[in-house]
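Could you build all of it, start to finish, from the sequences and the hints given here?
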Amino acid sequence: MKPLIASAVFGVIMMFAALSVKEKKTFTLLATLLLVLLTGVNIYELMHIMNGEIPEALFNGMLKYGSFSIWFNTLMTGIALLYVLLCGKHIEKVGQHTGEYYGLIFFILCGANLLSGYNNLLILFLGIEIISIPQYILAGSDKRNLKSSEASLKYFLMGAFSTGILLMGIALLYGAMHTFDVSQFNFMEHNVDAMSLGGIFFIMVALGFKVSAAPMHFWTPDVYDGAPTPFTAIMATIVKAAIFVAFLRLFSETFGGISQHWTLVLSIVTALTLFVGNITAVFQQSVKRMLAYSSIAQAGFMLFAVLAVNATGFKGIIIYAVAYSVATIGMFAVLMKLKDYTYDGFNGLGRKHPLLAFTATIFLLSLAGIPLTGGFFAKYFVLTAVMEQGTGMMWLVIFALLMAAISAYYYFKVLMAMYFKKGEPELAIEVTTGDRFFLGLAAAAIIVIGVAPDILLAWLKN
Amino acid sequence: MPVAVQLLIAIGFVAIMMIASHLLGPKRRTSDKLINFESGIPSIGNARQPMAVKYFLVAILFVLFDVEVIFFYPYAVNFRALGTEGFYAVLMFVAFFFCGFFYIIKKGALKWED
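These protein sequence lines are chains H and X, in that order.
To convert, note that position 7 of the first sequence is 7 in this note's numbering; the numbers rise steadily by one, no gaps.
So this note's numbering is basically just the index in the second sequence, starting at one, shifted up by 462.
Note that these hints are calculated values from the structure, not bench results.
This structure is a prediction, so every number in the text was calculated from the model and none was measured.
Worth double-checking, as some hints may not be accurate.
Okay, derived cross-link-like pairs now, DSSO-like style, lysine-lysine, Cα gap no bigger than 30 Å in a straight line [to be verified]:
# : chain 1 : residue 1 : chain 2 : residue 2
1 : H       : K147      : X       : K516
2 : X       : K569      : H       : K24
3 : X       : K489      : H       : K24
Computed, partial: chain H to chain X, Cβ under 7 Å [stated by the list, open to error]:
# : residue
4 : V12
5 : M15
6 : V192
Have a look at the derived ranges for each label pair, beta carbon to beta carbon [stated by the list, open to error]:
#  : chain 1 : residue 1 : chain 2 : residue 2 : range
7  : X       : M554      : H       : A57       : 13 to 23 Å
8  : X       : C561      : H       : E388      : 40 to 50 Å
9  : H       : N186      : X       : A472      : 34 to 44 Å
10 : H       : N145      : X       : A466      : 43 to 53 Å
11 : H       : D193      : X       : Y535      : 31 to 41 Å
12 : X       : C561      : H       : A428      : 46 to 56 Å
13 : H       : I429      : X       : C561      : 51 to 61 Å
14 : X       : V467      : H       : V282      : 30 to 40 Å
15 : X       : I471      : H       : N186      : 16 to 26 Å
16 : X       : P504      : H       : V9        : 52 to 62 Å
Ideal placement from N, C-alpha and C gives every residue a C-beta, glycine not left out.
Put into structure tokens, the structure is as follows:
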């Protein structure tokens, strides 16, 4: 519970700092400090669990943290720290309210915390709202930019609509189960009737919308493209990973017993997501938009963890969340350094800024799932998780491998531009030693996960 | 089944009434009928004018604090049953809200003159 309170209080502290502090750099410094503190609080909590302390249910059983949720939170705060270190300068440049932006990022982490520890559908709803509302604001934070405003409005309207669908699903499940407490859900006792199946379906649609699974993905490219780039980076990574954890926990733990009723629908959604994300990404001209579609495609792979309904799925989502988030944040950090967001903007980067190009290469290889990078084991784990459930999903796994091969094409297009095309890439912002260091750190993290993925799993009990 | 019948009757009744009034009622088309009715006063200009964002801010802040007050009603009803723990919970809720209030005042959201 301490990390939850800390994240909310830190958000308020950032908000109040915005009242008195004028210098924008101070906000980044303060946010970095508070994020270090928050990661520390998470690790402290994790140590307690590791020492054999049994976590108690909080707030009348509404929240329940296990080693999985606390470890996931630790990773997410760590990634948020990396994000601020890499993108802090760019966040300062978005608008006048830097302090508030950081405050909103803390509130996003608060929502992610709730999503990883919920034990009650009301908290699930609350978590999704707390994580979504800051995003609507962040998407529109570049007020003078028409595209940013469009992104914010579009996201807000569609997000509000999907929240309504989520509520509808929760209400139907309450009608069928007579409780919001997911640990008391018993599908054996109550017959699986139209009401509970309808509820599950509605929740699947709403969560699918939030993680941008096809055919609920239409908002994604416009919102990710229109939102200021530093905020696209957090929307595509930490937020998506957190909602996936909620998705996974709900469908594996709570609805896992009646998986025969929903796997077919979810596998079709997965196949569609993979197909739409990868095929459309091929035709993009702008790298930022390509990354938006790539995040749809990657969501398709993460859906495999949900489909698996077993312990390997939980391991898979941890590795996938970290490998994908670090690679995507790194790639966005490189992208933000450039003036031109099209593929041509990358021309000749390999010669002019070798370190930028090299780290970008590692991030892209990881996103494509090449061995020796984190992305390979991420894909490996989620696909084996599904394979463990028998051969019924074989067609989907083969389809996913095919799509991964297609994804290599558009990731490699950036590599081609960087190393094999001549050009004078213009930088929008100077690359400092700190940037180099943290980009290198992110790339190193990806290689380490790619060589020894078990270090991410050592903290999980059972 | 009875619900479906009732639904059908309801829809049918509305449809029949609308068609009947359309067919039976007298029709006199004048240009005055197409003008917005504003208590008999001739309307001036278009209603879609840019408005100061201040109005919007006040409205949205009103909603916020209105919701805060609404939360007190269930608390007041269960005041005794919730005991000290409930009191602290509400105190924390108010404290958080007070933070927000302090913030908007300091930000100048309620300042009317620039």
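Structure-based check of each hint:
1. Distance restraint check for K147 of chain H and K516 of chain X: the Cα-Cα separation of roughly 24 Å lies within the 30 Å cut-off, and the hinted pair is therefore satisfied.
2. At most 30 Å may separate the alpha-carbon atoms for a hinted pair to count; K569 of chain X and K24 of chain H meet this at roughly 17 Å.
3. Taking the CA atoms of K489 of chain X and K24 of chain H, the gap is near 67 Å; set against the 30 Å cutoff, the hint is violated.
4. A cut of 7 Å between beta carbons decides the hint on V12 of chain H: the least distance to chain X is about 5 Å, and the hint holds.
5. The interface hint given for M15 of chain H holds, since its Cβ lies 6 Å from the closest Cβ of chain X, which is under the 7 Å cut-off.
6. Here the hint on V192 of chain H is broken, as its CB sits about 24 Å from the closest CB of chain X, past 7 Å.
7. With their beta carbons about 20 Å apart, M554 of chain X and A57 of chain H fall inside the hinted range of 13 to 23 Å.
8. Take C561 of chain X and E388 of chain H: their Cβ atoms lie about 48 Å apart, and the range 40 to 50 Å holds.
9. Against the hinted window of 34 to 44 Å, the Cβ-Cβ separation of N186 of chain H and A472 of chain X comes to about 39 Å, which satisfies the hint.
10. A beta carbon spacing of about 52 Å between N145 of chain H and A466 of chain X agrees with the range 43 to 53 Å that was offered as a hint.
11. In this structure the hint that D193 of chain H and Y535 of chain X lie 31 to 41 Å apart at CB holds, the actual value being about 35 Å.
12. Checking the proposed 46 to 56 Å range against C561 of chain X and A428 of chain H shows it is violated: the Cβ atoms sit about 36 Å from each other.
13. Between I429 of chain H and C561 of chain X the beta carbon distance is about 34 Å. The supplied range of 51 to 61 Å is therefore violated.
14. Hint check: V467 of chain X to V282 of chain H, Cβ distance near 55 Å, so the stated range 30 to 40 Å is violated.
15. Roughly 40 Å separates the CB atoms of I471 of chain X and N186 of chain H, a value that falls outside the hinted 16 to 26 Å.
16. Our hint of 52 to 62 Å for P504 of chain X and V9 of chain H holds, since their Cβ atoms are close to 57 Å apart.
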